Amino acid sequence: MPARPPVVVVLPVLLVAGLTALAWALVSGEARADWSSLLAALGGSASFDATVIRELRLPRAVAAYAGGGLLAVAGALMQVLLRNPLADPYVLGVSGGAAVGALGALSIGLSTVAADASAFAGALAAMLLVFGLARGDGSWTQTRLLLTGVIVAAGCGAVVTLMLSMAHDARVHSMLFWLMGDASAAGRPWPALGLLAFAVLACLPLARDLNVLARGDLGARALGVAVDRLRVAIYVLASLLTATAVTMIGTVGFVGLIVPHLVRLAIGNDQRVLLPASALAGGALLVLADTAARLVLSPLQLPVGVLTALIGVPVFLFLLARHYR
Amino acid sequence: MTPGEAKPAPLLEAEALALFAGGRWLCADLALRLHAGECLAVLGPNGSGKTTLLHTLAGLRDPGAGLIRLQGRGYRERSPRATARLRALLPQIQPEQFSCSVIESVLVGRHPHVGRWAWESRADIEIAQAALARVGIDHLAHRDVLSLSGGERQRAAIAALLAQQPALYLLDEPLNHLDLRFQIQTLELFRALARDGAGVVMVLHDINLTARFADQAILLDGHGGVLAGLAREVLQPGRLADAFGHPLIRAEVDGHAVFVPR
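Sequences listed follow chains A and B, in order. In terms of our numbering, the first sequence opens at residue 1 and continues consecutively. In terms of our numbering, the second sequence opens at residue 1 and continues consecutively.
Simulated from the structure, these hints should not be mistaken for lab results. Among the hints, erroneous ones may be present.
Unchecked claim - Quick list of the computed label-pair ranges, beta carbon to beta carbon:
| no. | chain 1 | residue 1 | chain 2 | residue 2 | range |
| --- | --- | --- | --- | --- | --- |
| 1 | A | R135 | B | G150 | 33 to 39 angstroms |
| 2 | B | G74 | A | R144 | 28 to 34 angstroms |
| 3 | A | V9 | B | G74 | 44 to 50 angstroms |
| 4 | A | L133 | B | G23 | 22 to 28 angstroms |
| 5 | A | V172 | B | G23 | 36 to 42 angstroms |
Every value quoted in this text rests on a predicted model; they were computed, and no experiment measured them. Just so you know, even glycine gets a beta-carbon here, dropped at the ideal spot from N, CA and C.
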């Protein structure tokens with residue numbers, strides 16, 4: 001095997017990086033905390049600093065971690081499903097559906113909880129719509145799926161623009177923040193973290209099948225992979241992960257595209273390592289980005305999606321130039 | 001085989017096979033029997049259904065009518081995974097989008113042999129390395145597949161097939177991208193595998209190589225007609241001319257039949 005960092009090194013390193021990023025996120029901010037107050041907060045202290053850490057920063061950091069991990073895994077799965085290295089979790093319109101749902105709820109002044117529910121419903125509706133249309137005649141080709149998804153996403157984009165242009169001025173700000181991706185409003189991130197762990201574990205026994213699938217349907221079928229069933233399973237799983245992430249933190253861009261690529265550069269394209277490593281790296285990266293988004297223009301808070309895009313665009317262009325030279 | 005022992009079931013058997021694709025019948029009432037040790041070539045003009053036939057024989061497509069048996073049993077009687085340990089397919093086009101090392105791409109052939117929760121063992125890696133050596137590209141084991149030439153990529157794909165260690169090889173234009181020397185080496189490799197007990201079905205475009213390397217041949221004429229039998233009986237200038245729409249003459253060079261377009 002080529003000189004690549006072995007699994008036993010990569011995964012623990014990424015896990016420690018994630019925990020370090022989380023710790024940094026918890027101690028950073030307006031009210032500076034030191035490591036002892038962090039420990040006190042996690043230990044259940046009732047002081048002001050501890051409450052800020054536990055009630056405000058912790059849910060936000062965990063939401064960023066879970067959301068980043070979910071998007072990175074969903075992106076890695078989409079790239080295999082579409083056998084296209086440029087695929088990301090949003091390419092098939094799941095995020096578009098979520099945006100229509102969330103902005104629809106926000107524009108008529110519903111609460112954020114209702115907006116979350118509406119976003120999740122919109123994401124699932126988009127998933128089912130693309131699935132139904134792409135499978136219409138029984139064929140299930142990558143091109144057809146991709147084109148259907150792109151068209152549904154474009155349609156959602158038009159509806160979003162329409163809603164923004166018609167929305168009441170006072171509501172436009174919250175709508176824009178949702179669109180750009182923002183972890184500050186995430187209330188209860190723990191189920192999402194659980195889903196992330198479940199998704200990674202559920203993918204592991206399928207990961208070698210995915211390796212084979214990445215080389216094409218025909219060869220995979222000849223090697224005994226139940227291709228149709230596997231593709232439906234990863235489509236549904238990737239869509240659910242995306243829907244969960246987008247509902248929680250909005251359409252944060254580039255994490256789902258960049259992280260699988262960065263991980264692939266470091267450790268290769270074996271899905272058995274790529275998927276858990278993407279989860280860990282995506283989580284760590286988004287926590288760092290979200291904390292930076294809170295700090296750079298403090299006390300002004302940037303939406304994290306802006307920051308990931310600002311980092312993501314040059315990194316991706318660099319990778320692209322390297323890859324297709 | 002010792003005298004008196006029952007002849008084993010053919011490796012691959014088709015009865016009354018009919019193929020339907022693209023709104024027309026490609027062939028009807030095709031029968032074939034391939035035993036271990038034999039090479040069968042499929043010939044025919046573009047669009048005559050060679051690939052469709054090969055995929056059908058691989059159990060990846062339902063026939064319009066008829067029966068196919070692999071080692072005496074229909075494809076539905078085995079799991080896809082068990083089938084993959086018995087027969088391998090070399091697709092006509094080798095899709096490769098993501099980068100990985102050549103040895104990793106060959107290890108993919110071990111997929112049906114490795115358990116769901118297991119990783120490839122030392123033995124699997126040795127099998128993959130031996131397969132690379134057999135097609136003469138063991139020095140490329142750690143290169144990125146995306147950096148290979150077309151011919152090297154084809155040989156890596158053949159190595160992945162060897163690593164699969166099937167009883168039956170189904171090859172769709174195995175000589176694609178290969179230069180003359182490797183065309184002959186590849187056909188000799190599969191002849192050697194047949195000598196060791198495998199069966200080979202290959203779609204070929206070269207009539208002369210077919211005449212030299214195949215025991216049996218199937219000639220599809222592109223209008224629903226099909227001719228199957230011993231290679232030397234199928235390869236007649238008149239029949240080839242009818243199928244390919246161009247007259248040929250047969251000559252003998254060094255004892256080999258040679259067909260030259262007129």
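### Message
33 to 39 angstroms was suggested as the range; check whether the CB atoms of A:R135 and B:G150 agree with it.
### Response
The hinted range 33 to 39 angstroms holds for A:R135 and B:G150, with Cβ atoms some 34 angstroms apart.
#### Entry: Consistency of beta-carbon spacing, B:G23 to A:V172, with hint 36 to 42 angstroms
Given a distance of about 55 angstroms, which is not inside 36 to 42 angstroms, the answer is violated.
### Query
Range hint 22 to 28 angstroms: satisfied by the CB atoms of A:L133 and B:G23?
Distance hint for A:L133, B:G23 holds at roughly 24 angstroms.
### Task
Determine whether the Cβ-Cβ distance between B:G74 and A:R144 falls within the hinted range of 28 to 34 angstroms.
holds, 31 angstroms
### Task
Please test the hint of 44 to 50 angstroms on the beta carbon pair from A:V9 and B:G74.
The hint (44 to 50 angstroms, Cβ to Cβ) holds, given that A:V9 and B:G74 are roughly 48 angstroms apart.
Violation of the numbered hints given earlier is confined to hint 5; every other hint is satisfied by the structure.
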